[in-house]
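Novice: FYI, the numbering for the sequence shown is 76 to 226, going by the numbering used here.
Treat the hints as calculated values from the structure; they're not laboratory data.
In this text the structure is predicted, and so the values were computed from the model without any measurement.
Note that CB positions come from ideal geometry on N, CA and C, so glycine has one too.
Among the hints, erroneous ones may be present.
To be verified - Only pairs whose alpha carbons sit at most 25 angstroms apart, straight line, appear in this in silico DMTMM-like list of lysine to aspartate or glutamate:
| hint | residue 1 | residue 2 |
| --- | --- | --- |
| 1 | Lys130 | Asp158 |
| 2 | Lys127 | Glu180 |
| 3 | Lys127 | Glu100 |
| 4 | Lys127 | Glu222 |
| 5 | Lys127 | Asp189 |
| 6 | Lys130 | Asp106 |
| 7 | Lys127 | Glu148 |
| 8 | Lys127 | Asp106 |
| 9 | Lys127 | Asp168 |
| 10 | Lys127 | Glu138 |
| 11 | Lys130 | Glu180 |
| 12 | Lys130 | Glu100 |
| 13 | Lys130 | Asp200 |
| 14 | Lys130 | Asp225 |
Claimed, not checked - Label-pair ranges, simulated between beta-carbon atoms:
| hint | residue 1 | residue 2 | range |
| --- | --- | --- | --- |
| 15 | Gly145 | Thr119 | 29 to 35 angstroms |
| 16 | Asp126 | Glu180 | 36 to 42 angstroms |
| 17 | Gly211 | Trp132 | 30 to 36 angstroms |
| 18 | Thr224 | Gly145 | 39 to 45 angstroms |
| 19 | Glu138 | Asp106 | 36 to 42 angstroms |
| 20 | Thr142 | Gly211 | 28 to 34 angstroms |
| 21 | Ser179 | Gln103 | 26 to 32 angstroms |
| 22 | Ser157 | Asp210 | 42 to 48 angstroms |
| 23 | Val196 | Leu140 | 53 to 59 angstroms |
| 24 | Gln101 | Trp193 | 50 to 56 angstroms |
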Amino acid sequence: TRVPWLQQKLLHECKVLASGSTTLEQLQLPDPAELTLVVISEITVLTSSWDKTAKLWNAVSGECLHTLRGHYEHLKSATCSSDGSLILTTSEDGSAKLWSTVSSECIRTLRGHDGVVWSAVFSRDGSIVVTSSCDGTARLWDVTTGECTDR
76 TRVPWLQQKL LHECKVLASG STTLEQLQLP DPAELTLVVI SEITVLTSSW DKTAKLWNAV
136 SGECLHTLRG HYEHLKSATC SSDGSLILTT SEDGSAKLWS TVSSECIRTL RGHDGVVWSA
196 VFSRDGSIVV TSSCDGTARL WDVTTGECTD R
């Protein structure tokens, strides 16, 4: 597949020579010259909003890739798992939700707090979620089952 020129950098001796559609002839490098083409993978940005949605955006083009809908009140936070496969959102509706980044489907809804869920994080290995709430509690959740494992 063709990589957009905005995502390419041509390097010579650790210096950026060109971005975009520059020919080797235009660069006038010594022969032989060792060149490195760096391709920047798609950069995505995750946002959460008062409109009760979270969105994944292409940071280069500005295109909205996915919109996650399902909370009944304003979102307070959104974060991704370390492998990028899951998104975790928290809301004023008292829940946290786990979403697939590929399908944008809600996989699990984590309920059990008695108030706004302010924030949440994944464990390093992605198997546990920790949520914190204005009810004064923090809870541990098993990502696979959605069960609260500790308070």
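Novice: It remains to establish, for every hint, whether it holds in the given structure.
Specialist: Right, here's what the structure says about each hint:
Restraint check for lysine 130 and aspartate 158: the C-alpha separation of about 18 angstroms stays at or below 25 angstroms, so the hint holds. A threshold of 25 angstroms between alpha carbons decides the hint, and for lysine 127 with glutamate 180 the separation of about 15 angstroms falls inside it, so the pair holds. About 53 angstroms separates the Cα atoms of lysine 127 and glutamate 100, which puts this hinted pair outside 25 angstroms; it is violated. With a C-alpha separation of about 24 angstroms, the suggested pair lysine 127 and glutamate 222 falls inside the 25 angstroms cut-off, and the hint holds.
With a C-alpha separation of about 19 angstroms, the suggested pairing of lysine 127 with aspartate 189 holds against the 25 angstroms cut-off. About 48 angstroms separates the Cα atoms of lysine 130 and aspartate 106, which puts this hinted pair outside 25 angstroms; it is violated. Simply put, lysine 127 and glutamate 148 have alpha-carbon atoms about 6 angstroms apart, close enough for the 25 angstroms limit, and the pair holds. With a CA separation close to 58 angstroms, the supplied pair lysine 127 and aspartate 106 exceeds the 25 angstroms bound.
Note on lysine 127 and aspartate 168: the hinted pairing holds, with a Cα-Cα distance of about 10 angstroms set against a maximum of 25 angstroms. At roughly 19 angstroms between alpha-carbon atoms, lysine 127 and glutamate 138 fall within 25 angstroms of each other, so this suggested pair holds. For the suggested pair lysine 130 and glutamate 180, the alpha carbons sit about 12 angstroms apart, so the restraint of at most 25 angstroms is met. Pair hint lysine 130 plus glutamate 100 does not hold up; C-alpha atoms about 43 angstroms apart against a cutoff of 25 angstroms.
About 24 angstroms separates the Cα atoms of lysine 130 and aspartate 200, which keeps this hinted pair within 25 angstroms; it holds. For the suggested pair lysine 130 and aspartate 225, the alpha carbons sit about 30 angstroms apart, so the restraint of at most 25 angstroms is broken. The beta-carbon spacing between glycine 145 and threonine 119, approximately 20 angstroms, falls outside the hinted interval of 29 to 35 angstroms. Separation of aspartate 126 from glutamate 180 is about 19 angstroms and departs from the stated range, judged on CB atoms against 36 to 42 angstroms.
Take glycine 211 and tryptophan 132: their Cβ atoms lie about 34 angstroms apart, and the range 30 to 36 angstroms holds. For the pair threonine 224 and glycine 145, the beta carbons lie near 23 angstroms from each other, so the given range of 39 to 45 angstroms is not met. About 41 angstroms separates the C-beta atoms of glutamate 138 and aspartate 106, a value consistent with the hinted range of 36 to 42 angstroms. Taking the beta carbon of each, threonine 142 and glycine 211 are about 32 angstroms apart, inside 28 to 34 angstroms as hinted.
A C-beta distance of roughly 48 angstroms is found between serine 179 and glutamine 103, which places it outside the suggested range of 26 to 32 angstroms. Range check, serine 157 to aspartate 210: about 28 angstroms between beta-carbon atoms, so the 42 to 48 angstroms window is missed. Separated by about 23 angstroms at the C-beta atoms, valine 196 and leucine 140 break the suggested range of 53 to 59 angstroms. Evaluation of the 50 to 56 angstroms hint for glutamine 101 and tryptophan 193 yields a pass: the beta carbon distance comes to about 54 angstroms.
The structure does not agree with the numbered hints 3, 6, 8, 12, 14, 15, 16, 18, 21, 22 and 23 stated previously, though it agrees with the rest.
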